[in-house]
Amino acid sequence: MTIDKIKKAIIKNILEIAPEVGEDEIEPNENIQRSLELDSFDFLKILTAMNEEFRVEVPEKDYSQVDTLEKMAEYFLRRA
Amino acid sequence: MPSLGADMESAVLMEWLVKEGDSVSKGQVIAEVETSKGVIEIEVFDEGVIEKLLVEPETECAVGMPLAIIRAKGEEEAKKDISKEEPTPTKAVAEVKKEETPREERLKVSPAARKRAQELGVDLTTLTTRDAAIRLREVEAAATPTMETPKKTKELKTGKKDGMRQAIATAMSRSNAEIPHYYLSSAINMTPALTYLEELNETRSVKERILPVAMLVRAVVLALEEVPELNGFWLDNEHVMSQEIHPGIAIALRQGGLITPALLNAQEMNLDSLMLSMSDLISRTRANKLRSSEMTKQTITITNLGDLGVDSVFGVIYPPQLAVVGLGTIRDEPWAEGDALCVRKVMRATLAGDHRATDGRVGAKFLERLNKLLQNPKELL
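These protein sequences, in sequence, are chains G and E.
Under this note's numbering, the first residue of the first sequence is numbered 12, with each subsequent residue one higher.
Under this note's numbering, the first residue of the second sequence is numbered -3, with each subsequent residue one higher.
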């Protein structure tokens, strides 16, 4: 598993769950939810889709470790 | 054709899902129509048999135009048309006319397709559909290749949702002109509810977790059961309370505008089913897959601007509803308990009420009940 592959999966899931978001709007180090105006349901759906793909559970207390594209990719890379 | 929103004057009947002679039951989806808000499924409001379909697919129909004749169960000859069946509280709103945007001549285009074409910059005259009306999917197909470029994406973000903007403008102007609002606000200690939720979610997989907003909606519904005066309508100078609780959940669309579809019969849901239904409602709102009853049956509005960092929401009531419940951001704040000063998760819940129907006392009672429920989160399961 490479970090690029995980990033691609995250971006694909974001675009599926929030089709109005443009791919160029996703900045690697910006807070995903705030910068893309995703609500808590969207964010949970992204984590659910990632869980189905990589079998990684992100407990609620770790949410701060997955709040940007870069951090989420690293989090999944360490555990997938 | 039922009125499916404040601004709706017409919609295109896209498809019949039943044929003549079919038996239909209450709540069954019988047709799909395309409006300025997207594709909506039309439900039937009584049992009966489809006697005659009066309108061909792809026809634009004005609000109030009969679409089909349904013979009610047990009735032999008496005929009714389905557009008369549903007592739509939003119908009155539809009387306020909006200015029509000029239309391309002789092109049959559904309202949603026309609007999308404007947003995407698709020239409708370049689309050919063999005499059939141009629909949403043709416009989107035509726009797909150009959507890849960053320039187009930018235009998309600032693109106007004209029909929807007009609908909001009409309803909100009417609200502020007619409804004497009163506003109340309460700071609620959310630490007990959030701690409880954290413990609950710890044992659950991602997809079974409950979000704080679902718990808040559940608490609002339970508080409304105890203070039913806020749940219903102001119709013909009369206060009409509703037994069913269909909260309209304000869902902001990222491309602009707002839809508040109803979470139907929320009083029958527990916390888990409410979470699932809300998640499904939001997905279907974004995917343009709402049903007619979800567009017309709201008995109160709940607006949660917490995700956007807002402290207090002072809402504008959607007529003919009676109230808006506003939920703000949950923040760490200093909180006095007894003699001690501590830090707690605090949220401001607000209520905008129609002073013709209720007084501040009723609103205060509601916020007090809401607060009490959130201090005993086990009761919210």
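What the hints contain is simulated information worked out from the structure, not anything from laboratory work.
Bear in mind the structure is a predicted one, so any value in this text is a computation, not a measurement.
For each residue, glycine too, the CB sits at the ideal point set by N, CA and C.
Do not rely on the hints blindly, as some may be mistaken.
Derived SDA-like pairs: lysine to any residue, alpha-carbon spacing no greater than 20 Å straight-line [claimed, not checked]:
{"id": "1", "chain 1": "G", "residue 1": "Lys19", "chain 2": "G", "residue 2": "Lys82"}
{"id": "2", "chain 1": "G", "residue 1": "Lys18", "chain 2": "G", "residue 2": "Glu31"}
{"id": "3", "chain 1": "G", "residue 1": "Lys72", "chain 2": "E", "residue 2": "Asn284"}
{"id": "4", "chain 1": "G", "residue 1": "Lys23", "chain 2": "E", "residue 2": "Arg282"}
{"id": "5", "chain 1": "G", "residue 1": "Lys72", "chain 2": "E", "residue 2": "Thr325"}
{"id": "6", "chain 1": "G", "residue 1": "Lys72", "chain 2": "E", "residue 2": "Leu207"}
{"id": "7", "chain 1": "G", "residue 1": "Lys23", "chain 2": "E", "residue 2": "Ser279"}
{"id": "8", "chain 1": "E", "residue 1": "Lys15", "chain 2": "E", "residue 2": "Glu52"}
Derived list of chain E stretches under chain G, where covered just means 3 residues or more per stretch with a C-beta under 8 Å from a C-beta of chain G [said to hold, decoys possible]:
{"id": "9", "region": "197 to 206"}
{"id": "10", "region": "274 to 280"}
Over 10 Å on every C-beta distance to chain G, these chain E residues come out as not near it, computed from the model [as the list claims (entries may be wrong)]:
{"id": "11", "residue": "Leu13"}
{"id": "12", "residue": "Gly70"}
{"id": "13", "residue": "Arg365"}
Results for each hint:
1. Lys19/G - Lys82/G: holds, 14 Å
2. Lys18/G - Glu31/G: With Cα atoms ~19 Å apart, Lys18/G and Glu31/G stay inside 20 Å; holds.
3. Lys72/G - Asn284/E: Answer violated: Lys72/G to Asn284/E is near 34 Å, above 20 Å.
4. Lys23/G - Arg282/E: Within the cut-off at roughly 17 Å; holds.
5. Lys72/G - Thr325/E: Distance of about 19 Å is within 20 Å: holds.
6. Lys72/G - Leu207/E: Holds - the C-alpha atoms of Leu207/E and Lys72/G are around 14 Å apart, at most 20 Å.
7. Lys23/G - Ser279/E: Cα-Cα ~17 Å, so holds.
8. Lys15/E - Glu52/E: Holds: Lys15/E and Glu52/E sit about 12 Å apart, inside 20 Å.
9. 197 to 206: holds (count 6)
10. 274 to 280: holds (count 4)
11. Leu13: holds, 25 Å
12. Gly70: Per Cβ check, Gly70/E is outside 10 Å of chain G; nearest 44 Å; holds.
13. Arg365: holds, 24 Å
The earlier numbered hint that this structure contradicts is number 3, and it is the only one.
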